[in-house]
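K.L.:
If you read the protein sequences in the order shown, they are chains B and G. Oh and the first sequence: position 63 is 63 in the numbering used here, straight run, nothing missing. Oh and the second sequence: position 61 is 61 in the numbering used here, straight run, nothing missing.
It cannot be assumed that every hint is accurate.
Stated by the list, open to error - With a straight-line cut-off of 25 angstroms between C-alpha atoms, the simulated BS3-like cross-links for lysine-lysine are:
1) G:Lys83 x G:Lys41
2) B:Lys76 x B:Lys135
3) G:Lys67 x B:Lys138
4) B:Lys10 x B:Lys76
5) B:Lys76 x B:Lys128
6) G:Lys67 x G:Lys50
7) G:Lys83 x B:Lys135
8) B:Lys29 x B:Lys138
9) G:Lys83 x B:Lys29
As the list claims (entries may be wrong) - Examples of chain B residues toward chain G, derived with CB under 10 angstroms:
10) Thr34
11) Glu35
12) Leu42
13) Asp65
14) Thr67
Treat the hints as calculated values from the structure; they're not laboratory data. For each residue, glycine too, the CB sits at the ideal point set by N, CA and C.
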Amino acid sequence: MSDMLHLVLKNDLGEIEQLNLQLEEFGSKHNLHTEELYALNLCLEEIVTNIIRYAWPEGGDHTIDITVNVNEQEFKIVVEDDGVPFNPCEVPEPDMSIPAAQRKVGGLGIHLVRQSMDHMGYLNTDNKNVLMLDKRRKAAV
Amino acid sequence: MQLTVENSEADAPCLHLSGRLDLRGTQEVDAQFSAAVSASKTSVLVNFSKVDYVASVGIRLLLSNAKVLAANGTKLVVLKPQKMVEDVLRMAGLDEVLAIEHDESAARALLASSAGA
Numbered sequence: 001m002s003d004m005l006h007l008v009l010k011n012d013l014g015e016i017e018q019l020n021l022q023l024e025e026f027g028s029k030h031n032l033h034t035e036e037l038y039a040l041n042l043c044l045e046e047i048v049t050n051i052i053r054y055a056w057p058e059g060g061d062h063t064i065d066i067t068v069n070v071n072e073q074e075f076k077i078v079v080e081d082d083g084v085p086f087n088p089c090e091v092p093e094p095d096m097s098i099p100a101a102q103r104k105v106g107g108l109g110i111h112l113v114r115q116s117m118d119h120m121g122y123l124n125t126d127n128k129n130v131l132m133l134d135k136r137r138k139a140a141v
Numbered sequence: 001m002q003l004t005v006e007n008s009e010a011d012a013p014c015l016h017l018s019g020r021l022d023l024r025g026t027q028e029v030d031a032q033f034s035a036a037v038s039a040s041k042t043s044v045l046v047n048f049s050k051v052d053y054v055a056s057v058g059i060r061l062l063l064s065n066a067k068v069l070a071a072n073g074t075k076l077v078v079l080k081p082q083k084m085v086e087d088v089l090r091m092a093g094l095d096e097v098l099a100i101e102h103d104e105s106a107a108r109a110l111l112a113s114s115a116g117a
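This is chain G alone, in the form it adopts within the complex (with noise of 0.2 angstroms):
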């Protein structure tokens, strides 16, 4: 499991995850991730489209980094999940507190438009 941080100046940073949330994925990503999210004083960008499979404890991670976010009024947003992750995401009931986009443009514009509100 790779993680790659791109920061941005004026915009919320993309986390760029690559290959498979399941119990050693998680871990090995973990603490990268979640100190990413801690620095980040905007909303979040992850990018899924390289993330193959997500089991439980992946969706622990996402759900506490967003519970952090939304402490903060700020956002994560899941950028194109494959079918199937995205499937496994919303059984969770992870949709209602992080956000699922497959445009990069649109889920920034979303962000630009709820900053602030």
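Excised from the complex, chain B in its bound form (with noise of 0.2 angstroms):
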């Protein structure tokens, strides 16, 4: 089995909404696992709200192109945009030897990704920024 899911979404904080919807509903198409479909919301959420809020400093419309891959190994997500460059992986862990409390809340989003998935790439190729990500599966579908 392998499927793939491909979103254009605008950027527009309401379409998170849609991207929710279309993760779900490509959920139970392929029996994803509730922790796995939990992880790929969480982590294309947190992307993409973040590529909407400082992408594009001058506004205007511009759009975000996803892709999810599936197999019976793992998921390969790939997210485009063609925003200010910015390589998520160059963003330094939080200092989990700060307490909590007194811990900046910046970079927190990029911390779960990190934690939810188990690589992260990064490149900048004809001025657009390709994250890519991948997380192996528990278990066969």
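Make one complex out of these two single chains by using the hints.
P.N.:
Below, the structure written as structure tokens:
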């Protein structure tokens, strides 16, 4: 079994709901574990929210291109946008030695993505940000 | 996202959340949640049993309110979170600033024993 979900979202935070709905549908079609669907939802919501908020400081209409590939072994997610170059892999991990009450709240979303996925990679190509996320699956579908 | 505040004369108030603490859900309850926490002179219980999803925006809401309570020497207690929601709260390190409990009477006992300490 192998299948793909392709989504093109506008740079509007209202699109997050559309993202969640499409992922739910994809999840039930492929009998994804609730935990897998949760991780997919969480990662894409955090990433897309960041892109919508920060990728186009000048505003205007833009799109975010999302591809999710799933087979028996893994998920592969690719998110592309043509906003300002931003490599989330370079965002430092929150310093867990600082008590949480004093820790900066920024970078929390990316921390959750790193924790939920097995691999995160980034390319800047043709003036596009290309973020790649991989997650191994727990069990065969 | 829905929030119901259950006030108790003698005991910590309980905020019952229901739905998804995603971007939209958190915005829907943010003001009411923070107002209820600020109004409380005691620790606050937050019933999470009907919350099926939490994203970083929801974690920030809990964190900022836990800090408000901590500054007064009181606590925020997340009650009965679902497994995946609890995993995300722990991933974010929230278990250091607030308590996560699965039994309401144990949570209330914990608060009673730490009150005045």
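K.L.:
Could you run down the list of hints and mark each one as holding or not?
P.N.:
Hint-by-hint comparison with the structure:
Between Lys83 (chain G) and Lys41 (chain G), the direct Cα distance comes to roughly 30 angstroms. Violation of the 25 angstroms bound is thereby established for this hinted pair. Restraint check for Lys76 (chain B) and Lys135 (chain B): satisfied, since their Cα atoms lie roughly 7 angstroms apart, inside the 25 angstroms limit. Distance restraint check for Lys67 (chain G) and Lys138 (chain B): the Cα-Cα separation of roughly 36 angstroms exceeds the 25 angstroms cut-off, and the hinted pair is therefore not satisfied. Restraint check for Lys10 (chain B) and Lys76 (chain B): satisfied, since their Cα atoms lie roughly 22 angstroms apart, inside the 25 angstroms limit.
Proximity of Lys76 (chain B) to Lys128 (chain B) is assessed by CA-CA distance (about 18 angstroms); at most 25 angstroms being required, the pair is judged to hold. Annotation: proposed proximity of Lys67 (chain G) to Lys50 (chain G) holds, straight-line Cα distance about 24 angstroms (limit 25 angstroms). This hinted pair checks out: Lys83 (chain G) and Lys135 (chain B) have alpha carbons roughly 19 angstroms apart, not beyond 25 angstroms. The suggested pairing of Lys29 (chain B) with Lys138 (chain B) holds, with an alpha-carbon distance near 18 angstroms, which does not exceed 25 angstroms.
Distance check on the hinted pair: Lys83 (chain G) and Lys29 (chain B) sit about 23 angstroms apart at the alpha-carbon level, within 25 angstroms; holds. For Thr34 (chain B), the shortest C-beta to C-beta distance to chain G is roughly 7 angstroms, which falls under 10 angstroms, so the interface hint holds. Hint on Glu35 (chain B) holds. Least Cβ distance to chain G is approximately 6 angstroms, under the 10 angstroms limit. Hint on Leu42 (chain B) holds. Least Cβ distance to chain G is approximately 6 angstroms, under the 10 angstroms limit.
The restraint placing Asp65 (chain B) at the interface with chain G is violated, with a minimum CB-CB distance near 20 angstroms, outside the 10 angstroms limit. With its C-beta approaching chain G no nearer than about 21 angstroms, Thr67 (chain B) sits outside the 10 angstroms limit, and its interface hint is violated.
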